[in-house]
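These protein sequence lines map, in sequence, to chains A and B.
Every position in the first sequence, counted from 1, becomes a number in our numbering once 5 is added.
Every position in the second sequence, counted from 1, becomes a number in our numbering once 65 is added.
Simulated from the structure, these hints should not be mistaken for laboratory data.
Please note that a few of the clues may not be correct.
With the C-beta cut set under 10 Å, the calculated list includes, among others, these residues of chain A facing chain B [said to hold, decoys possible]:
1) 92
2) 106
3) 223
4) 266
5) 267
6) 268
7) 270
8) 272
9) 343
10) 398
11) 407
12) 437
The beta carbon of each residue, even a glycine, is placed where N, CA and C say it ideally should be.
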Amino acid sequence: MACTTGVHTKFPKIRRAAMNAVAGPSNANNERPLNRSSSPFVGRKIQAGDTVLVRLPNAEIRSIKLESDATTNLGKYGTFRTNALLGQPYGLTYEIVNKGLKVVCATPIEDVEDTNATNELINDGQFVQPLTGVEIEALKQSGVRVDDIIKAQIEQHANYALKTEYSKDKYRKRKEAKFSKTFTTLEATLFHVSDYWFTKDPSRVQDIRADALAQMLSLANIHPDGRYIVVDDGGGIVVAGILERLGGKGRLLAINNSESPPVYHILSQMNFPSSYIDDVFCSINWAYTDESWAPDFPVDAEPEAPKNEKQRMRVEKRKRAQEKLNSTRAELFRGEWDALVVSSEFEPCSVVEVLEPYLAGSSNIVVHSPHIQNLAKLHADMRGQAHFLAPNITEAWTRRYQVLPGRTHPLMTTSGSAGFLLHAIKIYNDPNASAAEPARKVARVAKRKRMQAKSDANTQED
Amino acid sequence: MWSTAREIAEGDVVIVWLTREAVHPLTITAGKEFNGRFGAYKHSDLIGVPYGSKVACRNGKGFIHVLRPTPELWTLALPHRTQILYLADIAFVTAWLGIRPGSHVIEAGTGSGSFAHSVARTIGSRGRLYTFEFHQSRVAKAREEFMQHGMSDYVILQHRNVCKDGFDLQDEIDCVFLDLPAPWDAIPHVKRAVRKDRIVRICCFSPCIEQVLRTVSALNEHGYTDITMYETLLRPHEVAQLPAPVPIHAIRNKLQIAEVQKEDRRLKQIAASKAKRDGAAGASPSHSSVEQSGSKRKRGAPNDDTVDDGGDGGSKDVKRVKTGDVNAGDTDHLHECVESFPSGTDLKGKGKQSPASSPPPLTVTQPIKEVRGHTSYLTFACLLPSIFPTPDAGRPFSPEMEAIPEPAQPSPESPGPQPIDEDNDQPPPGHLDGLQATPTTVTPPAQ
Chain A
6 MACTTGVHTK FPKIRRAAMN AVAGPSNANN ERPLNRSSSP FVGRKIQAGD
56 TVLVRLPNAE IRSIKLESDA TTNLGKYGTF RTNALLGQPY GLTYEIVNKG
106 LKVVCATPIE DVEDTNATNE LINDGQFVQP LTGVEIEALK QSGVRVDDII
156 KAQIEQHANY ALKTEYSKDK YRKRKEAKFS KTFTTLEATL FHVSDYWFTK
206 DPSRVQDIRA DALAQMLSLA NIHPDGRYIV VDDGGGIVVA GILERLGGKG
256 RLLAINNSES PPVYHILSQM NFPSSYIDDV FCSINWAYTD ESWAPDFPVD
306 AEPEAPKNEK QRMRVEKRKR AQEKLNSTRA ELFRGEWDAL VVSSEFEPCS
356 VVEVLEPYLA GSSNIVVHSP HIQNLAKLHA DMRGQAHFLA PNITEAWTRR
406 YQVLPGRTHP LMTTSGSAGF LLHAIKIYND PNASAAEPAR KVARVAKRKR
456 MQAKSDANTQ ED
Chain B
66 MWSTAREIAE GDVVIVWLTR EAVHPLTITA GKEFNGRFGA YKHSDLIGVP
116 YGSKVACRNG KGFIHVLRPT PELWTLALPH RTQILYLADI AFVTAWLGIR
166 PGSHVIEAGT GSGSFAHSVA RTIGSRGRLY TFEFHQSRVA KAREEFMQHG
216 MSDYVILQHR NVCKDGFDLQ DEIDCVFLDL PAPWDAIPHV KRAVRKDRIV
266 RICCFSPCIE QVLRTVSALN EHGYTDITMY ETLLRPHEVA QLPAPVPIHA
316 IRNKLQIAEV QKEDRRLKQI AASKAKRDGA AGASPSHSSV EQSGSKRKRG
366 APNDDTVDDG GDGGSKDVKR VKTGDVNAGD TDHLHECVES FPSGTDLKGK
416 GKQSPASSPP PLTVTQPIKE VRGHTSYLTF ACLLPSIFPT PDAGRPFSPE
466 MEAIPEPAQP SPESPGPQPI DEDNDQPPPG HLDGLQATPT TVTPPAQ
């Protein structure tokens, strides 16, 4: 176990100084740190170039890219001038009016008073809503407000008066969802983005649900200034999560199966500033993880010196790319990485086997798979090796509830699975260490023999 | 927070891992000794050892693992003063609230500090965690731990009853976590502490559904939106290597053979007892019943002995039969009915197969039988920003009109961001003038 100089050496002195400080309430109640505002990225506003998630009245979430001096088209909900959104904070609800936006107040949940109404006399299948589609369209075109359209429908509805108040409320909400021209912006937090992808197309994110992703980041102990290796074949959701939690400080090395730089497309949805990526994120493909492979591709294929500026720049660019590749590779091989996080389409035992040597002692290994069988095999593998401590497999179970007065209950539809997680800790083995239990048994047996010999001797003496 | 050096040093806080259930924190103090199930370890022997090492006991028996502390290990190792939060809830709340590097977070109450350590790890030294605890001795213990773990620069612990006295913060907080018996008492104080220019998220952690309902009422009353509730648990699975299960054909075969043997014994016993009676009565042994079974004829010498033996023979015969020593030919005619099975298959059904043809063991998983059923309900809500520039209100376009100015930055003369007067809920005139006089009734869609 050679002691490699990693990036950790510059911290201990500061740490120990803090610990040797005089014990006592160093932060009395009245002391306030000078920096009272959270990081700029945490409170950012909507900007040109952002990818924004919008929630539509039917609860669908759409992802739209905002460019200045353009129009945004939300289909049947309307179009508006994009500039109206710029500078706005995230989270507000807007109504589209005349291609502009008006902020809409969300009204509080109203208590719906229960009545004795039941569905006893309500028959299905009867023609209940006499406003025809044509009439509704006409109302819409004439610019009548959503409320009034719904009111008209209610007046004509044959059975509306018979419904329970809850049922009426539900009916009104359904109609609102259909006719209103409003939308809500959602901040690109990891929760919203991972939830968006899991709902839209879970296979793109390898069935990683938002709660499972959150657990991966905790189990891997992702924090600013950390150094992590990631294998993410799920569009970059795990890369995005780690970059968010690094906050622009630390290092993330992604290993991919691509001949050209991979597109972790989910990254663009997070609207990260360049500081979150530039000196933090790098990636190489699997070929370069092989220490025994040392290709010597020449920088310049041309035998003659570059003839013009364009050629020279191309050579320069290639040279820089190769240097970056080599230095990233060297960084990987120097080891002492703080965690390995894997969500791969490839066989996990082999992934862990290749990358484990570069992990520091006490580092975390977190592997996600939609199928438990892959992880069971990895678990069995790890149990048979000396440098993994306590591998364990868990599954995230989450249930969401609707909370409304008189109508609180779990949601009727829910996600069946978030996939499975395996977590283990890498350790430095001591092959000379022996388990306490068998040793104790040996000692007990030996002791018994000694006692027996002693009593025999005593008997003999008698 | 904790040491980032490669090796353990004097004064470090380390985690000693004995078993999954025995994880202990340890402050390395030269001269002290750690005693446990797996032996005695001098602290000074651990100095210089790399974090993550398996350390053998000096006298050779037993070993421990010394690990670098993380909030997750701390949650397993910390001395409980109250019921604590575990991984599933901590991770979920952190993600939903959007806690990130640089976030300013409120936590009430601190309790045993499990959640606080995780938040501190996530926000980093540029963030702030204001954590409140109303119990004096718990404050002291938590303060000591935060100090020892290098967190006290950005984890500000206060001895305070936030339900009565609020948070003493203004316009600063991004995320709020309330783990209190009566969060509805603290909710009215939250608005003052949080930022007005961005969305703020809150979570109330309550074990009982009645608390949830009351909390939801309070949130609704105070203008929170997107109120929802979750519960989240971890379902652990254990992995085992089992021998491949025995196919039913082998079992069926075994039982058929057993049935045949049983019948065989029964007939023998009948014959034996008859022989005994005949022998006792002095009559010559009759072979009739023996002949009927047919099986005895085919036996060799030992059976003749037993028939001649008289009294003893009967018992001997019974004894011999009981040892289950069946020759292949004994019950041949019955064996014909018994189906064949692959050689080497274990008939005892104990899974011990002959080496020549044993199938490889199966790796199987199974949810662990003893699992946690409930921790708490997580009630979430949002507080919308109240200060923001007016979006372009949208006037009908006509070529004669001049270009509509874009309100990208609120200019001093425009009626842009206006602070909400906290003592008076009515917004001042000119504020939020994007609103119409009668706001559209749009409630958040039921999720």
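Here's how the hints hold up against the structure:
{"no.": "1", "hint": "92", "result": "holds (5 Å)"}
{"no.": "2", "hint": "106", "result": "holds (4 Å)"}
{"no.": "3", "hint": "223", "result": "holds (4 Å)"}
{"no.": "4", "hint": "266", "result": "violated (26 Å)"}
{"no.": "5", "hint": "267", "result": "violated (24 Å)"}
{"no.": "6", "hint": "268", "result": "violated (24 Å)"}
{"no.": "7", "hint": "270", "result": "violated (21 Å)"}
{"no.": "8", "hint": "272", "result": "violated (15 Å)"}
{"no.": "9", "hint": "343", "result": "holds (9 Å)"}
{"no.": "10", "hint": "398", "result": "holds (4 Å)"}
{"no.": "11", "hint": "407", "result": "holds (6 Å)"}
{"no.": "12", "hint": "437", "result": "holds (6 Å)"}
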